[in-house]
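Novice: Residue numbers (our numbering), protein chains in the order written: chain A, 1 to 133; chain B, 134 to 374; chain C, 375 to 773.
Taking lysine-lysine pairs in the DSS-like style, the calculated list, with each CA pair at most 27 Å apart, reads:
id, chain 1, residue 1, chain 2, residue 2
1, B, Lys259, A, Lys59
2, B, Lys320, A, Lys64
3, A, Lys59, A, Lys31
4, A, Lys74, B, Lys259
These are calculated hints, taken from the structure and not from any lab test. As the structure is a computational prediction, the values presented were derived from the model and not from experiment.
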Amino acid sequence: MSLAAIARTLLLAAGLAGLAGFASADSRVPKPTIQADPANGTCVAPAAEMRRNHMDMLKHQRDKTLREGERGAKVSLNGCISCHAGKQSGSVVGSRQEFCESCHAYAAVKLDCFECHQPKAGAQVAKTAGGER
Amino acid sequence: MSDKEQKPLPGRRALLSGGAAALGLLVAPGIRLIEVAGASTTASPKVRWGLLVDTTRCTPECKACVNACNAENHLSGATAPTDSQWLRKVELKDKRTGRTASVPVMCQHCAKPACVDVCPTGASFKRADGIVLVDRHACIGCRYCMMACPYKARSFVHAEVHDQNPEVPRGKGCVEGCNLCVHRVDKGQLPTCVEACPNQAMLFGDLNDPNSALSQRLRTIATTQVRADLGLDTGVRYHGI
Amino acid sequence: MTGAASKRFDVSHFYGLVGLGLAVLLAGLGAFHYMEEHGHIVSGMNNQVVWGTPHVFAIFMIVAASGVLNVASIGSVFGKTVYKVRAPLSGLLCLALLGGGLMVLMLDLGRPDRVIVAATHYNFTSVFAWNVFLYSGMFGIVAVYLWTMMERRMKPLSKPAGFAAFIWRLILTTGTGSIFGFLVARQAYGSAILAPMFIVMSFAWGLAVFYIVQSVMYAWNGMELHPSVLRRMKNLLAVFVAGTAYFVAAYHVTNIYFARQTEFEQFILVSGGIYPLLLWLGFGVVGTLVPLLLIFLPGLGTPRAVLFASAGVIIGAFALLYTFIIGGQAFPLQIFPGFEASSSFGDGAVGAYSPSLPEVLLGLGGVAAAFLITTIGVRILHFLPQDDLVQLEAANPAD
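With the hints as extra help, turn the sequences into a complete structure.
Specialist: Dropping the structure here:
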């Protein structure tokens, strides 16, 4: 395990401890908002596992998809977004209420996916995408 | 090139979805779970995707391929020197004879791509099936590939991007270029420029398969590679330049 | 510098200089932050001129860093005592310039936050990746070299360390030249002559930087450069300046001879506006002719004249690099030889570029970083080149 991985695990452990309800009422940091659309069925893995390993799952799959052209895999960032996007915003980032951002802000881990990836669920993007064609 | 030859490719998608789901919950955390799904099809080295552009069917007025590319990849379509253009129409005029040609130019998907050679981090890479891509996760934005590319095929994202196609991530500070609509090709669809062309000037197919419509056409008509003198073995061929 | 010009700097002057350096460095870092926040849209760079003013600064400093070490090499590898006493300062300047240059290069990246990727993901076919290795190796080797020179017990190792640094920096500058030399498709680059040309340029630019720093330090300490040392250094500078001019001329003459390159040469030497102007006036006159005259004209060649000559060489270096890097990209890429081309993406058209303030500030920030390292280094450690005057007098009775 690399040093970075250990540090990340520790950070995450701290975050998870908070999630598990250790954050007391007078905590200055708002607890993460968990949004999921139950209509889409269950997640690809149990919540505890997702919390601990989602970054590795995504990173592993991104290399497979991008470099080897593997499509239709179980793990997919767009899959995450389609279930976890906020009901109003349709996005997983943008405010502390949104799924990805709320937890990453809580755990103080920089989120770099959405510099390039579309944080909104597919259908909503198709409608709003602008620019003269 | 008639419509008949241009039929969409057999889909890979159908092959992908089975099996993995049932096993999913049983496997150990994270990585293993994905390896099960990894049993699905990936880009094959047996294939080499290529394009034939028949410029005798192109007119300077027609920008259908460019517009389709911009729409598919959510490019703004603006043409300031800092805006991204993955596909452009280059108007050519022979200096001696005055003969003109209107040529769509995009990443030539070289077999020996200069951009891949020079990239310090390996972010520029060639997929097994010959498609040249930028791995934005590894791109540090040094722009050396833009210096090296003989075709000016790459653009640098100069400002923040917000309305990406979910299947085509792109963002500030990385270099990008035509990806041969890899997300469509992997679903068995044609690149969007090929599909959009009203004159069927573009033919997409497998250069390695001697029986593909593309290979057959390349055998029968005279085609050129742009800057063939550089020996890069481009995946995009032109007729009529 | 002689007489009244040599003035004793006191502590407050030192802090003044450090303050000035810090202010410029901070301005540079501010410019970097601005460019990172907004993207390169706020710079003058675009999809045709992808490398701009920061690269002119960075490449000047990296090339000069290699060249400034030449002074040490002449001392340790070729055993010249006059240069040996200058070796520690030469090593310090090398580290300072290399640090400043790399700082600019890294902070100009599109994703500077990911610069670590350049160390963890290596593509061995990339000359850029080789340079990552060469630059970091240079830091290590020169640091060890400095240690062997400044620590008495390590002295015996100083010669092999100096030799290693000598070889390493020749490879390093070959690598820097090859960044352009390996670009086969561009009319301005893709030439084997660029590697040796960069090496000779490094000798001239490095020595010019060294001379200026030495002059300032001597003025600071109220010292005068011994005439015999001055004579050696100015003659060496002249040889390197002439050598650089020779290589630049050979590069252009070769291109003029190749029919496929004449359009490019017409652009860069005659019709390209600012680029030929900078090449002829900036590099040709200010960077080559004037320094040679200042060194060789009867009655000139004084310490002050050589100081101006050195400044001219550095101005000429920036002019040459601006023409080479930016002019080379502004000339349209010949994708379809024999055709006139036009498009929405600048095909067939000369690329527009004008330096933006953030780019210039970032470049100056790198210079300030090098300046700070030097100023603080010479203040806290013993870097002042002190000649053995008795020995010099004995060796040069005529002076």
